[in-house]
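There are 2 protein chains.
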Amino acid sequence: MTEAFRPQARAPKGFLDKRADDLAAERRIVDAVSAVYERYGFEPLATGGFEYADTLGKFLPDADRPNEGVFALQDDDEQWMALRYDLTAPLARFVAQNWETLPKPFRRYAIGSVWRNEKPGPGRDREFIQCDADTVGSARPEADAEIIAMAVEGFAAAGLPAADYVLKINSRKLLNGLLTSAGADDPAQKLGVLRAVDKLDRLGVDGVRLLLGAGRKDESGAFTRGAGLTTAAIDAVIAFVEAGGAGRSATLDRLSNVIGGSTEGDEGVEELSKIAAALAGLGVSEDHAVFEPSVVRGLEYYTGAVFEAELLAETLDERGQKVRFGSVGGGGRYDDLVARFTGQPVPATGFSFGVSRLAAALKAAGRAEAFRARGPVVIIAFDAEGMADYFAMAAELRAAGVAAEVYLGQSGMKAQMRYADRRLSPAAVIVGGDERAAGQVTIKDLDLGRVLAAGVSDNQSWRGERPGQVTVRRDELVATIQRILEAAR
Amino acid sequence: MTEAFRPQARAPKGFLDKRADDLAAERRIVDAVSAVYERYGFEPLATGGFEYADTLGKFLPDADRPNEGVFALQDDDEQWMALRYDLTAPLARFVAQNWETLPKPFRRYAIGSVWRNEKPGPGRDREFIQCDADTVGSARPEADAEIIAMAVEGFAAAGLPAADYVLKINSRKLLNGLLTSAGADDPAQKLGVLRAVDKLDRLGVDGVRLLLGAGRKDESGAFTRGAGLTTAAIDAVIAFVEAGGAGRSATLDRLSNVIGGSTEGDEGVEELSKIAAALAGLGVSEDHAVFEPSVVRGLEYYTGAVFEAELLAETLDERGQKVRFGSVGGGGRYDDLVARFTGQPVPATGFSFGVSRLAAALKAAGRAEAFRARGPVVIIAFDAEGMADYFAMAAELRAAGVAAEVYLGQSGMKAQMRYADRRLSPAAVIVGGDERAAGQVTIKDLDLGRVLAAGVSDNQSWRGERPGQVTVRRDELVATIQRILEAAR
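Going down the list, the protein sequences come from chains A and B. Oh and the first sequence: position 112 is 112 in this note's numbering, straight run, nothing missing. Oh and the second sequence: position 342 is 342 in this note's numbering, straight run, nothing missing.
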């Protein structure tokens, strides 16, 4: 070979290589959540990775290269295309394109990668998997309630403990109504109020009060201008964001006291009470779906109910402080997305699970062991004469549903046993000349070896029932392996 | 809303929207084939969609925009990235990057989208799903045999009839050896020979003879220059490509007669006979894995055994002519891919199923009905008082594992029944004031309605056993629906 250019073997930043354990956790979530979506009558839809840039809306090509936030390139016909950054924009395009022929309401779920051209960092990848469900063509608050119920069921089906998750529900109409009543309905001011409320967790009530009023100076001395509300309006907003924390119907009562009077606010309360009734009918627990007026969930885009899926499990941050895992998904009602194409508003509501974040959460919740990928039974390549029978043994095990392989490298016994251990194999099968002559096979119980190596306290008693190595008749191979697998469960 | 820019709702060409039926077929294949790969001890690996362009090898950035065949763009740091066009190049990069820490041989499978920036056409998409298995780090022909066995089992597991598929096996070393013996080992001449052999199906033996020799004029008068072999060499090549068609060991005998003598040719025959022995051990039928010397499978890249997965089922082409479905996957041994990065050759062999083509094949093989997506039970939204109980009924059905939904649009009874029919729902549930007062539910058997509408001949007798509509006690809802689903199977 001539001295050629050798590229360095590395992947672009923000794009992950995932091995068996990570993929097992993701697959578990995707399978569980899709099964929930299907039980609710949602049908699957997959769209292509690319959409025309104008389809993606906020990323219109207004520069030479509209690469802000998305991965974009020009097609042969000079049109800009971009990889989807979520599954909702492609849904809106699909619905606008096929509206006449779709069953209505159109209930679809989608699972797929999305791409964001952002600065990558820990927990911030540029490619990740989302798992969405949306109902398009229903203005009924009950459609929102179903989305909420599916999210709650999805958490449980994915294997999270009941105490670890909650779906927080709010309506964009409540705060809008409140601000209108308070005479603060300038769009920029509204945005300022949403931004202030969104900081409640971090700054507390006093900090939010400052941001709702004149403004706030932080520890570094930097000043953030406030939304400029009157004191009465600030009091109303604070009373509103503090109205949560009770059961759904008690929170609704408090909210209707605080909101009082504005048309949009009353609409919001009315919608939430219909959602509450449907949630009761669907049997969704008060612990898992709560009304929480402090939830903001994105600044534009949503037009009614909003949902935030939060994990309550605590993890340690980089400074060793306990922090809540936080948001792993969310959604809400968006009635204007299809109108971008057709001019006709179409009511829609939906929810998106962040599969990769949820997988990380399952691991943090101590479920990592459940996703440890087990290796196959390894049949040691002891000698050349044995190969045909080694393959026959592998075939017999596979036919019985047991993952198995013949070692196919060039190394000796010791390296082969290390290979089996590295693959987390439950057992290794050895047939040399003696075994072959006697019509026997030797089977090593590798799980037992790992237990002994880990120093489990009662290994003496276990050893009594489970010898580390047995030699059995060749025709007892499959049954013996199955007993070892049974014991390993 | 002001008169805003309205993008046209359309997807870029070559990127498909897939609905429930298509996705069911793809999922069936992916699940079945992954299960086979796992039984053989292969572990899953997923890499990111993007790789640096230099990783993809033949698409090195030598122009301003290296967009030939791939979707490429520049990252923030000016490095060119491209979406992967197959799953092998990312595997080579991953292996080169992680070689020290991997179990060896490294057996991995991968499922994912790949992207090709080519002119789209019927059956030629720019994004499609591949499902690959590769063994890296084993030079043993038995590793090739396993790949072949998995491909054959994958076809069966995916649901193809036994008579419909075959895996054709050849070795690049055979023809190389033959040409070396014949004194024709100039690389350009070899390529010309491979190209000629690859046209056997289309041009027949006489046409190939011309292309191996001086050249061939086609019907339009256009002349293709030939490989310029001597008559003796042409005879040897033709004898070689015609050596197939017998059982594996008979074909091997014929091949070793034809190839005779050259080192590389003898190596090829020796490897194929080891593959044959392992296939026998693995129990792979002679009908499903055959040695076929006329298989070319790509022009560069492969260094030893090559595999071509062919569907024998016939479909009609655009002119109504019967044609074989053809290739739905393939692979082979490639020992130089990792060396591109490290300089160290690493032996590797693998196979790739084209999932989308295989899904199309399953449909063509008359299996479409199996993937017809069933809709949920639809609970008619008859009146507002009923809503809470409609949701409770849906929840009860879902808890019993039955897909169900409450109709959430605004339309009346008739449109709701049409909706249920469009979703291919097995049943609709109706509870109005009378039913509610009597503690009853009315259930319509919609499958029966579809059977009657389709005019099935014995519908009289079926009708006797299966009334189109029943009214039962509210607490008999779930059991009654389950009986209807049972009957529909």
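One thing to keep in mind: the hints can contain errors.
All copies of an identical chain are treated as equivalent in the list; a pair is satisfied when it fits inside any one copy or across any two copies.
Below are the DSS-like pairs computed for lysine-lysine, each with C-alpha atoms no more than 30 Å apart in a straight line [said to hold, decoys possible]:
| id | residue 1 | residue 2 |
| --- | --- | --- |
| 1 | K363 | K104 |
| 2 | K322 | K190 |
| 3 | K190 | K414 |
| 4 | K274 | K444 |
| 5 | K104 | K18 |
| 6 | K119 | K217 |
| 7 | K13 | K217 |
| 8 | K104 | K217 |
| 9 | K414 | K217 |
| 10 | K199 | K414 |
| 11 | K199 | K119 |
| 12 | K104 | K199 |
By construction, these hints were calculated from the structure, which means they are not laboratory data. Computed from a predicted structure; not experimentally measured.
Give me the numbers of the hints this structure contradicts, sorted from smallest to largest. Hints 2, 3, 7, 8, 9, 10 and 12 not satisfied by this model.
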